[in-house]
Amino acid sequence: MLPILVKFNPFILHVMIYAFIVATLALSWNILGGHCGQISFGHAAFFGTGAYISALIALKWGWSPALSILMGTLIGGISLSAIGVVCFRLRGPYFALAMLAFGDILKYLIIYLKKWTEGPLGLYGIPSLPPIKIFSFTIDFYYQRTPNYYVFMILMLITLMVSYKIKRSKYGLAFSAIRDDEDAAEVRGIDTFQCKMLALLISAFFTALTGALYAHYIHYLEPEHAYSHSWSILPIIASLFGGMRYIIGPCIGGILINLVDIFVFRMLLVRGHKIFLGLLLILVILFMPHGFLKQIERGMRRKI
Amino acid sequence: MLGLMLRAMISGLTLGGIYALIALGLSLIFGVMDIINLAHGQLTVLGGYIAYWAFKLVYINPMISLPMVGASMACIGAALYILLIKRIREEVLTTLIVTYGFGIFLTDLMLFMWTADYRTIRLDLMEQPIGIGLLKVSIGESLSLILSLLLIIALYFLLTKTMIGKAIRATSQNRQAAALMGINTTKVDLICFCIGIALGGVAGTLFCTLYYLFPGLGGLLTTMGFVVTVLAGIGNIHGIIIGGVILGIAEMFTSVFIAAEIQHLVSFLVFMFALIVKHR
Numbered sequence: 002m003l004p005i006l007v008k009f010n011p012f013i014l015h016v017m018i019y020a021f022i023v024a025t026l027a028l029s030w031n032i033l034g035g036h037c038g039q040i041s042f043g044h045a046a047f048f049g050t051g052a053y054i055s056a057l058i059a060l061k062w063g064w065s066p067a068l069s070i071l072m073g074t075l076i077g078g079i080s081l082s083a084i085g086v087v088c089f090r091l092r093g094p095y096f097a098l099a100m101l102a103f104g105d106i107l108k109y110l111i112i113y114l115k116k117w118t119e120g121p122l123g124l125y126g127i128p129s130l131p132p133i134k135i136f137s138f139t140i141d142f143y144y145q146r147t148p149n150y151y152v153f154m155i156l157m158l159i160t161l162m163v164s165y166k167i168k169r170s171k172y173g174l175a176f177s178a179i180r181d182d183e184d185a186a187e188v189r190g191i192d193t194f195q196c197k198m199l200a201l202l203i204s205a206f207f208t209a210l211t212g213a214l215y216a217h218y219i220h221y222l223e224p225e226h227a228y229s230h231s232w233s234i235l236p237i238i239a240s241l242f243g244g245m246r247y248i249i250g251p252c253i254g255g256i257l258i259n260l261v262d263i264f265v266f267r268m269l270l271v272r273g274h275k276i277f278l279g280l281l282l283i284l285v286i287l288f289m290p291h292g293f294l295k296q297i298e299r300g301m302r303r304k305i
Numbered sequence: 002m003l004g005l006m007l008r009a010m011i012s013g014l015t016l017g018g019i020y021a022l023i024a025l026g027l028s029l030i031f032g033v034m035d036i037i038n039l040a041h042g043q044l045t046v047l048g049g050y051i052a053y054w055a056f057k058l059v060y061i062n063p064m065i066s067l068p069m070v071g072a073s074m075a076c077i078g079a080a081l082y083i084l085l086i087k088r089i090r091e092e093v094l095t096t097l098i099v100t101y102g103f104g105i106f107l108t109d110l111m112l113f114m115w116t117a118d119y120r121t122i123r124l125d126l127m128e129q130p131i132g133i134g135l136l137k138v139s140i141g142e143s144l145s146l147i148l149s150l151l152l153i154i155a156l157y158f159l160l161t162k163t164m165i166g167k168a169i170r171a172t173s174q175n176r177q178a179a180a181l182m183g184i185n186t187t188k189v190d191l192i193c194f195c196i197g198i199a200l201g202g203v204a205g206t207l208f209c210t211l212y213y214l215f216p217g218l219g220g221l222l223t224t225m226g227f228v229v230t231v232l233a234g235i236g237n238i239h240g241i242i243i244g245g246v247i248l249g250i251a252e253m254f255t256s257v258f259i260a261a262e263i264q265h266l267v268s269f270l271v272f273m274f275a276l277i278v279k280h281r
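Just so you know, the protein sequences line up as chains Z and E, in that order. Anchor point for the first sequence: position 260 equals 261 in this note's numbering, and the numbering is continuous, going up by one each time. Anchor point for the second sequence: position 73 equals 74 in this note's numbering, and the numbering is continuous, going up by one each time.
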């Protein structure tokens, strides 16, 4: 509905697309971080690899973006989540640190393998999604923002739905048990390793898918940007802000954070707008550790 | 070839000394307070920027401004501890996220104040070479190496020979028992945090005289500190010196003989490997 309301204003649509991307990342991060309690600082690894693999296949081999996105998601998301086999030997903060290092290792690998990835120069002219023809009407992903807007919105809704389904399934219960007390869960007969791997797999899958779609939306990739720590931090801030225990929390948090970042923080301070993001993260933890949805819920209850 | 190797060795030694200083602060804070300070690298860079300003604005030699940087960073550390860390220190993951947030805050604050340009302190006096034959070291490099070693040794004596050192070690071994024996653990925490941050600031100053600073460096330095800490084991001072030097030399050899852009890849690989072997 929004595209019609803003008269297809490309800037606002672009901002909304970014908001959807952050929301999707936050939702998928939350499957691992919120539901399962495994805080990861390295989701940029999945995002960047999904984007890079998809862009490389589309550019170098000339595959259709639809197929290359699939490949990017498979390689970047599913095969990279094999890192869990190694990293899940670690608990709590050590897991977070190992994931942080993992993201950087991949970044330096991309920079080093200049022969295939162009290294720090980056990839230009990544093709957008192929146009879809319905009778005489064409949906073009290159010249118009609106179709891209719907693509990312649908992606976000799918992630939301999957997140909801998981939370309601028996695995959701197992995840909660692991989050609350891993040893107790293990004693109760939950295969904690398998559950954590499943959470990582789903989480990485959607992160890589978002990355791949992002590459074909933005048409340009560069290691420092694709593997930027922002892709790991923004979802964490969004999830915490919205509330990690709510299914819809990260989604609302992501959209709100992004809008506030672009319309308020960047207006106040162009260089160094993340000062406010950092402050926000600290303030959220100090004053509303369960997210603002919890705060609203509490306020509602008080009124009744 | 031999000259190149010697050169890489010496650069690695000085870099390793700085890494060891960063890691020492980090491991002191982690060992005593159980807090993983993810903003440590950013605080290090901040210390470097303070020295840079002292040099640029009032023209103070970085070696003279070093104690001042240490003192001011200790004050910043105290403020940080009282205002922020003290409130959230119960849960490890919360402190992790809060210090990470503080790191983002500091990075962009430095970006705002000093822009993204590379900053460095260059003095002709510090560039003078000393040494014999193939082995040539600049005064700045040798001073940096000696200073970092001296500081580490000083800290070692502080921890082993003084009363406050005893209190710190007792607190790191068993917090509750230490409190029952009449040690003011909050004070110990405060002192440790100040010393740790001050060591970071000194490391930043030394870094600034040899290499260059930019706001985004902080995250990298934090990770380097962790690599050394994890390699050495928490609270192991000999290990930290050795770990720092090994890491510095490994990085410099990669940089010289393989490719400069993957200098840090080695450390990250070592980091993951050491984490997985040691902490499962």
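Hints are supplied without guarantee of correctness; some may be wrong.
Partial pick of chain Z residues on the chain E-facing surface, computed with a CB cut under 8 Å [what the hints assert, rightly or not]:
| # | residue |
| --- | --- |
| 1 | Val265 |
| 2 | Met268 |
| 3 | Met289 |
Ranges of calculated distance between the beta carbons of each label pair, as one might list FRET restraints [unchecked claim]:
| # | chain 1 | residue 1 | chain 2 | residue 2 | range |
| --- | --- | --- | --- | --- | --- |
| 4 | Z | Ile249 | E | Glu92 | 35 to 45 Å |
| 5 | Z | Asp181 | E | Cys76 | 32 to 42 Å |
| 6 | E | Leu221 | Z | Asp181 | 44 to 54 Å |
| 7 | E | Trp54 | Z | Pro121 | 51 to 61 Å |
| 8 | E | Met10 | Z | Tyr144 | 24 to 34 Å |
| 9 | Z | Tyr221 | E | Ala79 | 44 to 54 Å |
| 10 | Z | Met289 | E | Trp54 | 48 to 58 Å |
| 11 | E | Tyr60 | Z | Leu6 | 35 to 45 Å |
| 12 | E | Leu159 | Z | Gly190 | 47 to 57 Å |
Some chain Z residues well away from chain E (every beta-carbon gap over 12 Å; in silico) [to be verified]:
| # | residue |
| --- | --- |
| 13 | Trp117 |
| 14 | Lys134 |
| 15 | Leu287 |
Think of the hints as simulated: they come from the structure by calculation, not from any bench. Computed from a prediction, not measured in an experiment: that's the story for all the values here. Virtual Cβ for every residue (Gly too), placed ideally from N, Cα, C.
Structure-based check of all given hints:
Against a cut-off of 8 Å between C-beta atoms, the interface hint on Z:Val265 is violated, since the closest Cβ of chain E lies about 15 Å away. Because the smallest distance between the Cβ of Z:Met268 and any Cβ of chain E comes to about 15 Å, over 8 Å, the interface hint for this residue is violated. Nearest Cβ of chain E to the Cβ of Z:Met289: about 13 Å, over the 8 Å cut. The hint is violated. About 25 Å separates the C-beta atoms of Z:Ile249 and E:Glu92, a value inconsistent with the hinted range of 35 to 45 Å.
Taking the beta carbon of each, Z:Asp181 and E:Cys76 are about 40 Å apart, inside 32 to 42 Å as hinted. Distance hint check: the CB atoms of E:Leu221 and Z:Asp181 are about 35 Å apart, inconsistent with the given range 44 to 54 Å. As the Cβ distance of E:Trp54 to Z:Pro121 is approximately 31 Å, the hint placing it in 51 to 61 Å is violated. Our hint of 24 to 34 Å for E:Met10 and Z:Tyr144 is violated, since their Cβ atoms are close to 58 Å apart.
One distance hint, 44 to 54 Å for the beta-carbon pair Z:Tyr221 and E:Ala79, holds here, with the actual separation near 45 Å. Checking the proposed 48 to 58 Å range against Z:Met289 and E:Trp54 shows it is violated: the Cβ atoms sit about 37 Å from each other. The beta-carbon spacing between E:Tyr60 and Z:Leu6, approximately 59 Å, falls outside the hinted interval of 35 to 45 Å. Taken as a hint, the range 47 to 57 Å holds for the pair E:Leu159 and Z:Gly190, whose Cβ atoms sit roughly 50 Å apart.
Every CB of chain E lies more than 12 Å from the CB of Z:Trp117, the least distance being 15 Å, so the non-interface label holds. Listed as a non-interface residue, Z:Lys134 keeps its Cβ farther than 12 Å from every Cβ of chain E; the least gap is roughly 45 Å. The beta carbon of Z:Leu287 is not kept farther than 12 Å from every beta carbon of chain E, the shortest such distance being approximately 6 Å.
The structure shown violates the earlier hints numbered 1, 2, 3, 4, 6, 7, 8, 10, 11 and 15.
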